[in-house]
Amino acid sequence: RTYDGGHAPKVDYENFGIQLRWEPNDQFDALLTLERYNNTSDGGAPTNWNNPGGLLDAPLDGGSLPCLVFGDCTDRVPGSVADSVDTNQPNSGRYRNNVAMLTMNYHINDNLSLVSVTGLHDTPYEETISELDGSALPFIFIDNKNEYEQFSTELRLEGSYDRFDFVVGGYYLDSQYDQDWVTNGTFWAIVLGPLGGALAADPGTTAVCASGAFDPLWCDPRHAPGGSAAGTPLGAGFDQRLFQVQKTESIAFFGQVDYEVTEQLIATFGLRWTQDKKNFIGYQAYLGSVENRYPFNFDVPSIDLKNTWDEVTIRAGLAYHASEDIMFFASYSQGYKSGGFYGVNQNIRDFRRNQYDPETADSYEAGMKAQFLDNRLQLNITGFFNEYKDKQDSNIVQDADTNTVATVWENQSSVKYKGIELETRFVVTENFDVFATAGYLDAEYDEFFSLGHIPAEDLCECADDVPQDASFFDVKYAPEWTFGAGGTYSMPLGPGDLSVHAKWNYVTEQETDTFNDPGSRVPAMHWITAQVAYEWDQFRITWFGENLTNEEFETIGCLATLFCTGSVQQGFTWGAELEVTF
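Per the numbering used here, residue 1 is the first one in the sequence shown, and the count goes up by one each step.
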C-alpha cells in the first residue's frame, strides 16, 4: 500500500530491558525483569469504497455520505484489490508499556517449593489517530488518548512426591483503563443536518443543547448560560468528546493434583474459584468546540455501574502411558470469561444497556502423543469438542436520536466447535527437521439471538428492540480446514550458528463478520513465510519474509450510509531484526 508517495503502514518499535538474578543460598532465588516497549507504528489505513449505491451486493448496496454529499467516490469494481489508499492522513500511533516482574522461589525441602510472581504493567500513553471513512476528505476520524495500569500477584505452593504432584495457590489482579476519545471531522455537521449548522453558528441553539434540552444529544456545558463559553456557538469543525473509566479487581484460589494411579495411569483433577469485581464510570458524550477539546469537561451526566461475578471451574483428565513412547490422554475442563461493561458509546442509556454476563465453556479433548524411530518421529493426534454458552460479541445498531449508530455488546449465542488436529515432526538429520499439521473444524450455533440482526422481511426494523434469531449464520473465524508444513535446517558457521526456516500454511475460506456480510468473507489462501537467522555470542540477526507469494485480498464493510471502506491483506513483507542479550 502507498500513502502520499510512501509505503504504509510504517512499522517502528523498540523493546529493551534488563534481568537481575539473586541467589543468596541453595534454597532461595529471585529474578527481577524490567522492560520498556515503545511503538510509533502507523495503524494502517482503510481503502475507499464510498459509492452512490448499487455497487456492492446487499446488504452493502446502500450509498455512503462521502460519495453522496461530497462526490468522493471509489472508481474501483468489486473483486479488485487496492494498491493505494485515499485517506488524507496516516493513522499514526504512539504507545509505551513499562513492565516490572519479580519471580521468587523458596525451596522449603526436597518436596515443597513456594513460588511468588508479581507484575506491574504501566501504559502512560496509548495514542492513535484512526481515520474511519477511507476517503480523501476530513470526514471522520477518532483521536484516542488512553492510559492503562495493572498490578497482579500470584503465590503458590508446589509439591512433588513419589505418587503425586500438586499445586495450590492464590491470584490477585487490580487494573484501571481510561479512555479519552475525540471524534473529529465534518461528520457531525453533516449527520445532524440543519441542527449541525445551527450549532456551528448560533449561540442560542448551542446554549439550549448545552443545557441538556436535546438529550440524548449533548453539547459542552461551558456553552450553557453562566458557563465560561456562554454566548458563543460551537464553531466550525466542532467534534464529539467521550470519556470512560474501567476498573477491575479479580481474586482467585486454585489447586491441582496429578496422582499416579498405576505406573502407567495418571489422573489429574483441578479446581479454581474466581471472583471478578468491575466498576464502569461512563460520561455522557458531548459536542464541543475545537478550542475546548482538552481537557474533558466532567460537568456532564455520568453513570457509575458495578457488578461482581464468581465462578467455580474444574479440570479433570487421564493420561495413560501405553509404553515409553506412546501416551493416550483425555480431559474435561470448564472455562469462564467474566462479564463486564462496554463503554465506547455516546449515551448514558447505551452504557446502561451494554452490560453483559459471563461467558462459559465446556471443553472435551482426547488424543495420542507418540514418538517412534528412536524419537526421530513425533506424532500427535487430538480430537476436541467445545461448547460455549452466553458467548460475548458485539454488533452495530441504528441510533435514530443522533442519526448515527451505536455498538451493542451482548451475550449473543451458544456455539459448538468440534474437530480434530494432527501434528507430526520428523528429524531427518542432526541438522534438519520437518513438520506437518492438519486440522478439521466444524462450528455451528446452537442458538443465536441478537439485536443486531434485522431480517430482510422485517420492514418495521423492530429488531433494534427485539432480539432476532440469527442461528443460521456461519460462525466467524472458523475455517473448516487448515494445513501446514515446513522445516528448519541449522549448521555451525564461523563463530556461530546459521539456521534457515520455512513454513507453508493453507486455510479454507472463513467469515469475519458476525452476520456474514458478503464483503467480509476471507477467501481460501496459501501463506508462505521464511527466515534466515545467524546467532553468535550474545548477538542474533534475523532476516525474514512473510507472504512470499504475495497473496492479496480485500474485505469490505459499510456502516449504514455513513461510510464504506475496505481492508487489504498485506502482501509480501520482508525485514530484519537484531537482538542483543547482555
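Note that these hints are calculated values from the structure, not bench results.
Where a beta carbon is used, it is the ideal one built from N, C-alpha and C, also for glycine.
Incorrect hints may appear among the rest.
Unchecked claim - Calculated pairs, PhoX-like style, for lysine-lysine (alpha carbon to alpha carbon, straight line, at most 25 Å):
#1 K389 <-> K306
#2 K503 <-> K369
#3 K247 <-> K337
#4 K337 <-> K369
Unchecked claim - Quick list of simulated restraints, FRET-style, between CB atoms:
#5 G53 <-> V428: 48 to 54 Å
#6 I251 <-> V500: 23 to 29 Å
#7 G226 <-> D12: 33 to 39 Å
#8 F372 <-> I251: 45 to 51 Å
#9 Q150 <-> Y332: 50 to 56 Å
#10 G226 <-> L32: 36 to 42 Å
#11 T581 <-> D12: 54 to 60 Å
#12 H321 <-> Q569: 43 to 49 Å
#13 V168 <-> E291: 56 to 62 Å
#14 D446 <-> L559: 51 to 57 Å
Going down the list of hints, with the structure as the test:
no.	hint	in the structure
1	K389 <-> K306	holds (23 Å)
2	K503 <-> K369	holds (22 Å)
3	K247 <-> K337	holds (16 Å)
4	K337 <-> K369	violated (30 Å)
5	G53 <-> V428: 48 to 54 Å	violated (59 Å)
6	I251 <-> V500: 23 to 29 Å	violated (48 Å)
7	G226 <-> D12: 33 to 39 Å	violated (47 Å)
8	F372 <-> I251: 45 to 51 Å	holds (46 Å)
9	Q150 <-> Y332: 50 to 56 Å	violated (31 Å)
10	G226 <-> L32: 36 to 42 Å	violated (55 Å)
11	T581 <-> D12: 54 to 60 Å	violated (22 Å)
12	H321 <-> Q569: 43 to 49 Å	holds (44 Å)
13	V168 <-> E291: 56 to 62 Å	holds (59 Å)
14	D446 <-> L559: 51 to 57 Å	violated (29 Å)
Consistency note: the structure conflicts with the earlier hints numbered 4, 5, 6, 7, 9, 10, 11, 14.
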